[in-house]
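Here is what each chain is made of, one letter per residue.
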Amino acid sequence: MMDFLMNFPFITIVLSLFSAVVAFAFKGSRARFVTYFLLLAGAVMSCFVLAYNLSSETGYFVYRMGHYDAPIGNEISAGLLEPFFVLIFEVVMLLSVLGGKRRIFSDIPEEKQKLFYVMINLCHAALAALCYTNDIFTAYVFVEICTIASCSLLMASDKGKSLIAATRYMIFSLIGSGFLLIGIILIYSITGHLLFTNLYEAITLLWRDGSYNFPLTVAIGLIVSGLCVKSGLFPFHFWMPDTYGTATPAASAILSGVISKGYIFLLFKIIFRVIGFDVFLATGVQNILFVFGILGMVVGSVSAIRTKNIKFMIAFSSAAQIGYIYMGLGLGTRTALVASLFQIISHSLTKSMLFISAGGLCDAAGGKQDFASLRSCAHKNKVAGAVFLAGALSMVGVPIFAGFIPKLLFAASAFEGGAKMFFVLIALAVSTMLNVMYFMRTALTVYYPLGAENGAQAKTRACASFAVCTIVFIALNIAVGLNSQPISSLLEKGIELFMNVR
Amino acid sequence: MELLIPIFRMILLISLLVCAVATALSKKPMTMIIIFTAYSIIMSVVWVLLRSPDLAITEAAVGAGVTGVLFFLTLRKLHLIDKDKEEELRAANESKEEKNDEK
Amino acid sequence: MMKNKFSEKFSAWLSGEVDLTEKIAEEKRTEAPSRISKKEEAEETKIIRSLEKKEIKLSFKEYKVLSVVFCVILIGILTATVYFLPTFASSDVPAVNEVYEHYVAQGRDETGAVNTVAGMILDYRAFDTLGESFVLFTATCAVLILMDDKHKKPKKEMHETVNYSRDPIVKSMAAILIPLILVFGAYILVNGHLSPGGGFSGGAILGAGFILYAMVYGDEQALKVLSERKIKVVTICSLSFYCLAKSYSFFTGNEFNGVHSVISAGTPGDILSGGLIMPLNIAVGLVVCCTMYSFYMLFKRGRMN
Amino acid sequence: MNLLENYEELVAMILFVIGFTMLVFSKNLLKKIIGLNIMDTGVYLFLASMGYIKDALTPIVPAEGEVNPMDYINPIPSGLVLTGIVVSVSVSALTLALCVRLYKKYHTLDLDEMYMHMKKEEE
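Residue numbers (this note's numbering), protein chains in the order written: chain B, 1 to 502; chain D, 503 to 605; chain L, 606 to 910; chain U, 911 to 1033.
None of these hints come from the bench; they were simulated from the model.
A couple of the hints might just be wrong.
Said to hold, decoys possible - In the DSS-like style, the derived pairs of lysine-lysine whose C-alpha atoms are separated by at most 25 angstroms in a straight line are: (1) B:Lys368 <-> U:Lys937; (2) U:Lys1030 <-> B:Lys159; (3) U:Lys1015 <-> B:Lys159; (4) U:Lys964 <-> B:Lys159; (5) U:Lys1015 <-> B:Lys368; (6) L:Lys837 <-> L:Lys776; (7) B:Lys161 <-> U:Lys937; (8) U:Lys1030 <-> U:Lys1015; (9) L:Lys835 <-> B:Lys27; (10) U:Lys1030 <-> B:Lys308; (11) B:Lys368 <-> U:Lys1030; (12) B:Lys407 <-> B:Lys368; (13) U:Lys1014 <-> U:Lys1030; (14) B:Lys159 <-> D:Lys579; (15) D:Lys529 <-> D:Lys579.
As the list claims (entries may be wrong) - A few chain L residues that face chain U, going by a derived Cβ cut-off under 8 angstroms, partial list only: (16) Val709; (17) Ala710; (18) Val719; (19) Thr721; (20) Ile726; (21) Arg730; (22) Asp733; (23) Leu831; (24) Val867; (25) Ser869; (26) Pro873; (27) Leu877; (28) Met909; (29) Asn910.
Stated by the list, open to error - A few chain U positions that, by computed beta-carbon distances, are all more than 10 angstroms from chain L: (30) Glu974; (31) Val997; (32) Ser1000; (33) His1017.
Computed from a predicted structure; not experimentally measured.
Note that beta-carbon positions come from the ideal geometry of N, C-alpha and C, so glycine has one too.
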């Protein structure tokens, strides 16, 4: 009976694809409830898969997609990390969609709202597939679904600004997809396999043999850079502010909190399960990632200080936070990897919360996003202000919030990092300083005491779903911050599985 | 016969390159798209030479057919086809006038 | 003095009025902090805007230089990669391995499809193909988001389309060609497991046939034959069928579920063989056909009715 | 191990770079889309030429009798390219639709110019 739980990853993927079709068939707002239900069901199923893997001996299983075993057929696999990240993504998506509900109604033309929810279903399916897949070409196909669906989330707002942002985002994404595809094909042409397990064996052999080392390095570089472009690492972060700044809050929360993290998770999975971490370290790609990660941390924060638009500021801060993740990958020690994965979780939770609450603040300020008009708007929408404050504290890295743990872990891992230690510590210090600066400024602006001239304005009532969602967000954030020990040990076990069990 | 096929393959590949460069360099959207359609058709012949008739059929129907139609419809929506036509008409009229003048 | 200036600057930045980097605006402000007339304010914003514009241009320029360098490096790297790759057209490449041998040697008996490619994409690696048909569905929805002006008033087209159905040459050619194309498409679709082709090629040909029909006889006539409702129903049914059929085969593919597939491969070479391959081919073909046709209609008319 | 023998792959890579250059450089959105298509076909050509074996046949096996794998080309690249072609047509349809909408709004196909127009509109 317990074995039936092994069907759940595949059911999650196919059911959410199916529900996209069902939502497309429905009329009006019923599509919304299909989406809520599916995200909830997906979250429950991921919980079951996680529990199953925690209780089983190996903590890992492979599920055949069809009647044939590994090199012939297609398969999906789930260890500890996959269901856990799918669970996080589903929870964040559900909360963002619920919290941004009011803005979805006001930002998106009525007849297009149904399609917006269809796209969220497709994003969900694609993300689940990206996490669970055990086949590199399947990963490419679902990356494309994810790209098109996330671009559609953007352009559903139907304003000139968001269309331009969508075009830019699309072009960058397509560059990324092109790199990813040619990398995958280079790897196929020198190994002759597409499934992760067989690829790993073939690549390890080839690397020891040494005859195809150059094409292999190029292929690894292309795959890594393709996914970096898609997730917005430093030199390719140009699309971020426009994209996140112009979309409806729910869409920007999903894009920054979930979709770019999905690509990063795929990158982790490919590095550990396809390339093998030893080969990856031997190619030297991690040093490049380290440099760009650190540059991204600093440049993103500086840009965030310079901008005048609250959503652009959060977007640039996203670029900085993604720099942290890549820095951890570049450091390459066990603690740093755990810190990176933890950073994915905490950033996913915090950034979506910030975007949703920024949406509420902008509403209170009359729909404007620049700091001058945002002044003292937190008094008008108390819930949004409080949530924004909590998010800012988490971003800055105040203890008890989720954002504190990865910074601590990064600092701890720096001492294992040898020559890189110096740079890590400096970058952490500078980036945290800059973080404090721009979040303090925003908090001071939105909590500016009400003057005589604008004190008389009516308070906007926060809608119930917004309040509930944001409170759940804060609760989750603090829960993750306080219970960091079990989570980081789970992550460590997951990385162990990633590296050693095939 | 044995020798001809590699030569044919070479010719096709070179024309693929020529088409690609020509699309990159052409200025008029109309020319660009026509060359691109030609590129797709050459590509489908290359697929046949690579013994993949499935791909040849799909490329001919999708690459040359549907994508080409979509590009032309886009041009029509952007009124870029008519601009070309107008310019041609104007040029024709001018040459006619010149001829009339000569007479 | 310096300290004072900085703290002033800082407090202004804190309250969201200026950026730390905008020196000119800052100096203007400090020159006349007591009274800022509207005119000056306007000038100030102008300067800021022009600065912003310059910045944008500058960043684009830097970006271009970077990408030139990047492209040149890319050509070099890729050429070097090709140099190291296995030789073209030899049978001694890594891709010729046990997977390839299994597909070609045992594919016919295991899947029942004589066309190995169809057997591979619809049976061995069916998950990819499921994703692929959903790429098409996603794209249709995305184009619908962008192009569907159903709820706005239909505008009169500026350039009235030529009615080709009155043209004797076009009309008689279309009368011969369209049935031929459609029959050819259907043949490719249904024979996907026996001969080259299959869902994608057949569907694209069918779609092209319908597009030709719409071009010759006009959109209204075409929409009478293949209306929005029909397209929607066909797409939804095909995709649902695809999902269910593949879920069944994925579910039965794992022994621990205790259910065995009742679908047999049949006799290879027969038209009714290959298990689920033919129905799946038809479903994929219908999805592709509807997608192509609705792309055309949405691009041409801006709506589907 | 030779560039001249691998001419098919070389052409594919050059097509990829041409397409990539068009996608990144050109200001015209239509050209970007065509560049995208050329880039994709370059990749597909590369993949399909990996599967080609000299003197081998199309992978459609006889209905009866033993099958010798070496008589047929590799079917895997064909299947992957088939998937890829459909993906690239969907992506280019979406991008073309974006292009039409943007042109209707800003009357230009240059992304930078659109950006300028947008800034002006905001002011």
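* Asked: Which numbered hints turn out to be false for this structure?
  -> The structure breaks hints 1, 4, 6, 12, 23, 24, 25, 27, 28, 29, 30, 31 and 32; every other hint is satisfied.
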